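Novice: Spelled out from the first residue to the last, the chains are:
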Amino acid sequence: MGRQLTFSIFRYNPNIPGEEPRMQEYKLEEYEGMTLFVALNDIREKLDPTLMFDFVCRAAICGSCAMMINGTPGLACKTMTRTLPSRITLMPLPVFKLVGDLSVDTGTWFRNLQVKTESWIHTSKKFDPEALEVRMENKTAEAIYEPERCIECGCCVASCITANIRDDFLGATGINRVGRFLIDPRDERTDAEYFEVVGNEEGAFGCVGLMACDDNCPIDLPLQMQLAFVRRKMAQAGLKLDLKRMKIS
Amino acid sequence: MSAKNTHICDVLVVGAGLAAERSAVEAAEAGLNVIILSLVPPRRSHSTAAQGGMQASLGNAAMAKGDNPQIHFEDTVKGSDWGCDQEVAKMFCETVPSMIRQLDYWGVPWNRVTAGKKKMPSGIEVEDTKDKEGLITARDFGGVAKWRCCYTSDGTGHTVQFVVDTVVCKLGIPVHDRMEAIALIHDGETCYGVVARCLRTGDLNVYLAKSTVIATGGAGRIYAASTNAVINEGTGAAIALNTGLVPLGNMEAVQFHPTGMPPVFILMTEGARGDGGYLLDKNLHRFMPDYEPKKKELASRDVVSRRMIQHIRAGYGVESKYAPQHLWLDIRHLGRQWVWTNLREIATIAGNFNGLDPAKDLVPVIPTQHYTMGGVRTNKDGYAYGLKGLFAIGEAACWDLHGFNRLGGNSLAETVTGGYIVGKQIVKYTLGATQDFNYKLVEDFVKKEEERIKNLISGKNGKEDVFEIRNAMQQTMMDHVHIFRTGPSLEQGVAKLQELYKRSLKIGLRSSGQGANPELAQALRMPGMVRTALCVAYGALTRTESRGSHFREDYPKRDDANWLNRTLAYWKEGADLPTLDYEPVACPYMPPGDRGYGEASAGPKKGK
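Chains as they are written, first to last, in our numbering: chain A, 1 to 249; chain B, 1001 to 1608.
Derived by calculation from the structure, the hints in this document are not laboratory data.
One or more of the hints may lead you astray.
Computed far set for chain B versus chain A, every beta-carbon distance over 10 angstroms [to be verified]: (1) Pro1041; (2) Ala1049; (3) Val1175; (4) Pro1293; (5) Ser1458; (6) Gly1487; (7) Ala1495; (8) Gln1498; (9) Lys1506; (10) Asp1559; (11) Tyr1582; (12) Pro1584; (13) Pro1604.
For the chain A half of the interface with chain B, some residues (derived, Cβ under 7 angstroms), not all of them [said to hold, decoys possible]: (14) Tyr12; (15) Asn13; (16) Ile61; (17) Cys62; (18) Lys78; (19) Ser124; (20) Met136.
It should be emphasised that the depicted structure is a prediction, and the values quoted were computed from it without experimental measurement.
A virtual CB, placed ideally from N, CA and C, is assigned to each residue, including glycine.
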């Protein structure tokens, strides 16, 4: 016999008139290898088919299923119930707009982030289908891959005190994303141009240094190092800027 | 209730994975007004789960010397067991190198050639030359003559999807995520768009377009165990099938990947074997060379999967807490540095789900449903059969690059290459089309969907439980339509699915169905999913030969005299079985021959 698990789950479907946010309890018997992915699907299929949550890859690579698990943001798909006490409280991520129950709208948030930080390669070159690729050192490619691994699950944003207070903060994920382009030789933006994007309180200088992002990143991105790197780059860029042209807010 | 919003555009792309986004980029760059609609945000698509890489004959790596599109073409045709469309394969192999370079231009951090002599982790000694240093490198993969699989560690799908999505963001192409197409709008000749249900609010929306593109991925979730994401329920192909006019091609061609990791059946990339990994049995014996002396672990996936099951049946399977029967993947000899740099994603997955570190532990593996070679049948330009203004690309389509077995690394390559090639055709068609629709027709389609929803909520047609039917369908596919197939078992499977199909028409919700109710979403998909499953099962029963991944124990040989053809499955209104038709598969460049691996070449029983 496995443990009897009690799930206390945040419930609120904003599309049902008159419904109030509440916590609802469900009981399941634990079995070997049970993850929150399995448990939540069991609850939906056997106990309550209205329960909303998001899973896609169930392999911890797509970033869909981040939620607050006993108060800490994490990916539900890879969380083994055996690592949790028998009472498990699940809440949706803060910061992001609620879709319903445990489901939040990370898609819109991250799309806005890409657009705001112009997170694409800026180049004046035209693509020539006949030409060989531009050479790059393998070390450089590996260095770009490291921050590019971010799965945009939102755990760092949910963990972040600044992001919980300021709507416009890019979060560790945003600063990491900018850092990825900063080291890419194909991107022709100057440090001054990057400074416009991230050299402010919405970006690298909004971080207050609590580093819960780094603690809670489910794929172990070195977010602390990335923040330090972008901050240092932006501090240097800031010193070189023509101050007369700058708006002081 | 009626349609909450009506959206009008030139090109409607259903799906936001790589094929979808790449075609959307092509259309948007031509100045067309494009809308992408998707179950999930693009960066959550199953394309991001592709690990090992993309096949392209760049010929940069030492072991790739002399490679060219012709050799890639030959490998692809052999891989397909002569089931593919050779015109498509040729066009694909010629185009894919420039696609890789364009992705590089857009920002994919492809791993690069480093010059010098080196002993690869597999034990092979190679020398990469200075003139190739810094160009895009490649790794070995199954069923290939040259190292051709371009990669970024083992997160290739992730980096490619993220980079193509940056182009979508840059071009400002709107993505309506959490929006599910539930019916195609058509008048029997032309497709005008879709009725979609919003997965945020439950509202119905209408999308009207000159061109509608189905790029919704595979249907792996008709099986209980699949490496596919849980959203891969074949919804796009199913709504095309539901028209009664558009056929699905070769649905019986289902790929089982040799290395799914039980008990969660998450993929362990073929790159693990490409980089030199072994498969071991319960005695820790490396058994693949016994069966496939030439290609060993790197025969095509259909062959390796069958050899694994054959070996388990001979009594060499491992019994463990991971699965009642499985085998081992061994990459320990590749070394910690290699594993945690180039196979990092699978190392992390093995740690997350089984507490294993592949640099020092064996990883349990078992062949697992992985890829749907079949799909919406199109011509070589991507036009769907049966309806004008309808296109299909990627795994959702049967274009048909893969025939009866897809080579590893050819699907990720197909997404962007197909998106590009078909994208150009979509542009051509759309520029010549006029926006024309009859609103009465549109409203009738909306009403029909409203009626379905009302009946599911009220239980008018019955009170069948949607999850029970889904689980029974998935188990039926495991029991009767798996790697080894026989007539009597397939007959039983078809009969069970027919019964489930009837029950799927009598589903009634347990819940109220209000808002973005997940039970309703599943219930709306269910009849289409069972129809799709029946196309697989009935196609498999009828095809009395073995070709690629379709293996009939009662007809173990390829039969080119009778079966060098492609299955077309239609669903006629009121039917409880698909209507099957066949069209010839032409072999203009490479007549049917020996694959060089597999039972026909290496013999049926060489194992010990």
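Novice: Work down the list of hints and note, for each, if the structure agrees.
Specialist: Now the hints, each set against the structure:
1. Pro1041: violated (3 angstroms)
2. Ala1049: For B/Ala1049, whose nearest Cβ neighbour in chain A is about 5 angstroms away, the distance does not exceed 10 angstroms, so it is violated.
3. Val1175: B/Val1175 not clear of chain A: closest Cβ-Cβ about 7 angstroms, inside 10 angstroms.
4. Pro1293: holds (34 angstroms)
5. Ser1458: holds (16 angstroms)
6. Gly1487: Fine: 34 angstroms to the nearest Cβ keeps B/Gly1487 off the interface.
7. Ala1495: holds (25 angstroms)
8. Gln1498: holds (24 angstroms)
9. Lys1506: At roughly 17 angstroms from the nearest Cβ of chain A, B/Lys1506 sits farther out than 10 angstroms, so the non-interface label holds.
10. Asp1559: Answer for B/Asp1559: holds, closest chain A Cβ roughly 38 angstroms.
11. Tyr1582: holds (36 angstroms)
12. Pro1584: At about 34 angstroms from chain A, B/Pro1584 clears the 10 angstroms cut-off, so the statement holds.
13. Pro1604: With a cut-off of 10 angstroms, B/Pro1604 remains clear of chain A, as the shortest Cβ separation is near 35 angstroms.
14. Tyr12: For A/Tyr12, the interface hint is violated, since the closest Cβ of chain B sits about 11 angstroms away, which is over 7 angstroms.
15. Asn13: Holds: closest Cβ of chain B sits about 5 angstroms from A/Asn13, inside 7 angstroms.
16. Ile61: It holds, given that the least Cβ distance between A/Ile61 and chain B is near 6 angstroms, below 7 angstroms.
17. Cys62: holds (5 angstroms)
18. Lys78: holds (4 angstroms)
19. Ser124: Cβ of A/Ser124 sits 12 angstroms from chain B, so the hint is violated.
20. Met136: OK, holds: A/Met136 within 7 angstroms of chain B, min 6 angstroms.
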